[in-house]
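Q: Chains as they are written, first to last, in this note's numbering: chain A, 1 to 368; chain B, 369 to 578.
What the hints contain is simulated information worked out from the structure, not anything from laboratory work.
Quick caveat, the model's predicted, so the values are computed rather than measured.
Please note that a few of the clues may not be correct.
[As the list claims (entries may be wrong)] Ranges of calculated distance between the beta carbons of each label pair, as one might list FRET restraints:
#1 A:G195 / B:E398: 31 to 41 Å
#2 B:E419 / A:G285: 54 to 64 Å
#3 B:E493 / A:D221: 43 to 53 Å
#4 A:K332 / B:D402: 35 to 45 Å
#5 B:L401 / A:K302: 48 to 58 Å
#6 A:R218 / B:R562: 40 to 50 Å
#7 B:R391 / A:D196: 35 to 45 Å
#8 A:R212 / B:E419: 37 to 47 Å
#9 B:E419 / A:N7: 53 to 63 Å
#10 A:P283 / B:E388: 43 to 53 Å
#11 A:T336 / B:E388: 53 to 63 Å
[To be verified] Here are a few chain A residues that sit away from chain B, every Cβ distance over 10 Å (derived from the structure):
#12 Q86
#13 P99
#14 I111
#15 E281
#16 F298
All C-beta atoms, glycine included, are put in the ideal place defined by N, C-alpha and C.
These are the residues of each chain, in order.
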Amino acid sequence: MPGAAENAYKVRERRIRDAVALKSPDRVPVVPNGPAWPARALGVKMTDVASTPEVSYKRIIAAYTGLGDIDGIQSPAYDVSTLGIQWLSRVSVPGRELPDTDLWQVNEGEIMTSDDYDLIIAEGFASWLERYYVERLPGTIEAFNRFVKTVPDALALCQEKGIVPFTPAVTTIPYEYFSGGRSLKLFLLDLFRQGDKVQAAMDAAMPVLIERARQTIRGLDLVGVWVGGWRSASEFISPRLWERFVLPYFKQMVEVVIEEGAIPVLHFDANWDRDLERLRELPPGKCVLSLDGKTDIFRAKKILGDRMCIMGDVPASLFALGTVQDVKDYCKRLLTEVGPAGFILSSGCDVPIDAKYENVRAMVEAVL
Amino acid sequence: MATTPLAQALGNLDEASVMESVRTKLDGGEAPLDILGELQAGMDIVGARFESGEYFLSELLYAADIFKLAGAPLAEGLKAAPRNNLGTIVLGTARHDIHDFGKDIVATIMRSNGIEVIDLGVDVEQQAFVDAIEQNSAQLVGISCLLTTAFDEMKQTVESIKDSGLRNRVTILVGGGPVDQACADYVGADVYCRTAQDGVSAAKKALGVS
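Excised from the complex, chain B in its bound form (with noise of 0.2 Å):
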């Protein structure tokens, strides 16, 4: 999508505009879907600022949120629209890991990029993360620990996951404070993520749709 002044309010994070921007749009007509669209294009600007070192995480959640509170009165309209899911991604903290907050700045980044997120919270089953990817259809799965302690929880998780016959179908995403790439080989993971961008790059390359 070309970038439009709604768009580029939104990677400019000018909340006001953005905000005023929808309610006139949506004032004025224009379909709910297409609006979502252009706060989609916003947060492309955004990814991509954050990419070139511009942007950092402060930068990264406080769009998504601009995103959420200027998406809330397209909920209703949407509704009745085709889903424009990119991908669907089931996400969660490792076994006996109760930490959160990284997963969650995950999970909120993840769906202002437009992918569904199945959040299973913290301190997940293995088995839990092999039922939501089956009932969901996920393509992706994101697991994150904050303990050393949970990287054999990780690599079983995985290895279920394989059990289930279901590793093909999946790319599994992995992060977290002590996770590197010696961490996500050793879990059998197909990306580690360094920061929650890396995520929706490895997200959207896996879907397809960079």
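With the rest of the complex left out, here is chain A (with noise of 0.2 Å):
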């Protein structure tokens, strides 16, 4: 690393860490995300970055730090069979089943069916999945392996421009891959009327997820990790079932990408509003809790503001419909109450695909 880029590099992880730490940075770190919108701000076809890794990281890390003053990316590399990989699930893609350029989606049906949980508890996780996904999800496996291979170059080259790769890699819990390949509405009524049996298969997987996730920040010296919830939301499920399939499982992983000496990045998208208070009991100072605008963040970092980093959380609908000023004006509201210390601003979830342009500088610019 040039001696420019590495002392930026270190100025800018400070900034990051402590934040994390609950300290007041010299500023507020911006950290955007989100794969889609640098294709299209920078004019590239969706159908490349969706089926070239190198496209696609080179395209992220271009367009984000051209927008200026960034501290990092979360997700410098990003390929779409990950989606696959961690919701069980098929996904369309531009060029293939979807128009040249339309985003890539996921397509979610029931692939996975109620006898796999006795399959899993029967034969273990790790040799089930691996069957799943060649018998299942043809070529999902093969895609992602070669996207792997180009991460640590993804990583390089962030810090090649003294930008922290933050956040490079995902983990989560059996619920979000179990209702992802059953279909979420399969998945909930499984909960009711099969609950034993879902909580055994889950209980089988999670050693495996766990392993996964150490390996991977060991074998990526990663800064933080996303620990993603989506489908297990508070506003999906009862806390009955939620304190039972959700939360003990968050936890475990939450411990375990600390102890391997990571930030556990608790990327929850939807509203989890109801179990804010809940997030208390995970260790302090260590974690950051990253909103999409559906959770009342500035609700969030009353409940949690003495105990974690608060990330987020411009709206999608912000990005792509308000003006600069509306942005300007959300930014700023972040930056003074849900900051300046303790808090990452990033858009809520991703930067959208139609994001303007002008919007999102305006985002980065507001740390300034």
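Relying on the hints, combine the two individually framed chains into one complex.
A: As structure tokens, this is what we get:
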């Protein structure tokens, strides 16, 4: 890493780590996220981004660093195969199932049957999963492996530019895998009708997911890692189910990530308002709660501000429909009410593909 | 309708009791339409508990599934009965968006609340919404999306409904991951639904049955 970039990297990494430790950095760090917007912003074909990991990471890094003085990028490397990997689902891809200019989309359906819970319990999750990918999602594991090989280069490119690749890998809990494979509606019914079996399958899966998280963090020497929650959000299930099928597994995963020396970024999409208090049980000053605009981030700060760093949450609709002034006003509110200490400014989940360029730049410039 | 043990059992998500009770009532010669009414009263209990924060989406879906299973044996007997739907909704995911799980959940819960659903599926053309409203004399339209790129499609769909002269006949509901009030305003919808139950409440209000 050249000297100037190395120094810039150190300053930015310190800024992020200070925010995570609930300190007041010299300024609030800004760490955008989203793999699709860079393609459209730079006029690259969606088909190329979706099919070639090298094209994807180079455009992501170029687009976000081109906005100005960012501190990091959450996921500088991205491939659509990761969606199939983590939700056990088919993915429709531009140039294949979708028009060339469209965004990739998860095509959810019942690919996993309720008998699969028995198989997971009987034969173990790792071998079941391997067969599942090969037999039911052909091509996914090959694409994912091609992508994985490119990740070190993506991280190195970030570092050469003095930018922190903050969370280039994703971990999650068995709930997310199963709810995707079964489809959300059938999975939620499973929780009522065969909860014991689902839980046994989750317990069989968890050690495998934990070991993979450990190996990924060690192998890539990660600063942080996503611990992702989407369909496991509080708004979707009752407290009784959430306490049983969601929280204990997140706790385990968070502890493992911390144990490995990385920062767990709870990438929690949808609405988690009801259970924010419960997140106080996670280790203080070690985690980031990243919200997408659906959870009340201002309330989250009040409840969790002394326990964990908050990240977010410029909403997708604001990037796409709002004006520069709207974005500036919202960011200012975030910086003063959720920041400046213990806060990282970012998009709520992804910067959407059709975000206005000037709106994304307005977010980045808001911290200056 | 006053609360009956069957309605209460569905309200309590007591699947075994609901199934047993429906069987007993049918065997005892009770009119399928009356039994259906009790099941719908059970769904009202579920809806009220959702709105009070006692139940969540998981309970709504479970109740709707019990309703569907318990209602299956009534189908034959209901063929001769007059239609008792509260109204009709044309439902679909906006063009270029293939996400269906939110839309499917809304369909399930609307049906179990006595609203007929014309489900157009995903990636729905604007004209398909217009045609379905006309053909089914629908009073309600529900458009869902998970992509911000679908906002313009939703807006154009509303425009198409307007151009066809049907806008004043329908209440348009929108919902989905990135949808918020600003999006609803942008596309020209009548109601932003944060949850499926919001959709049911808005539908019943529009139909004058809430």
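Q: Now tell me, hint by hint, if it's right for this structure.
A: Against the structure, the hints:
Range check, A:G195 to B:E398: about 33 Å between beta-carbon atoms, so the 31 to 41 Å window is met. Our hint of 54 to 64 Å for B:E419 and A:G285 is violated, since their Cβ atoms are close to 38 Å apart. For B:E493 and A:D221, the Cβ-Cβ distance of about 50 Å falls inside the hinted range of 43 to 53 Å, so the restraint holds. Evaluation of the 35 to 45 Å hint for A:K332 and B:D402 yields a failure: the beta carbon distance comes to about 60 Å.
Checked against the given bound of 48 to 58 Å, the beta carbons of B:L401 and A:K302, roughly 52 Å apart, stay inside it. Take A:R218 and B:R562: their Cβ atoms lie about 41 Å apart, and the range 40 to 50 Å holds. Between B:R391 and A:D196 the beta carbon distance is about 27 Å. The supplied range of 35 to 45 Å is therefore violated. As the Cβ distance of A:R212 to B:E419 is approximately 41 Å, the hint placing it in 37 to 47 Å holds.
Restraint check, B:E419 to A:N7: a C-beta distance of roughly 56 Å satisfies the suggested window 53 to 63 Å. Here the CB-CB span from A:P283 to B:E388 is close to 49 Å, well matched to the stated 43 to 53 Å. A:T336 and B:E388 have their C-beta atoms about 59 Å apart, which keeps the hinted 53 to 63 Å range intact. Once the 10 Å rule is applied to beta carbons, A:Q86 is consistent with being away from chain B; the minimum gap is 16 Å.
Consistency note on A:P99: stated as away from chain B, yet its beta-carbon is not over 10 Å from all of that chain's, at 8 Å minimum. Interface exclusion of A:I111 from chain B stands, the closest Cβ pair being 14 Å apart, more than 10 Å. Non-interface status of A:E281 relative to chain B is upheld: no Cβ of that chain comes within 10 Å, the nearest being about 21 Å off. A:F298, annotated as away from the interface, keeps every beta carbon of chain B farther than 10 Å; the closest lies near 16 Å.
Violated hints, listed in ascending order, are 2, 4, 7 and 13; each of the other numbered hints is respected by the structure.
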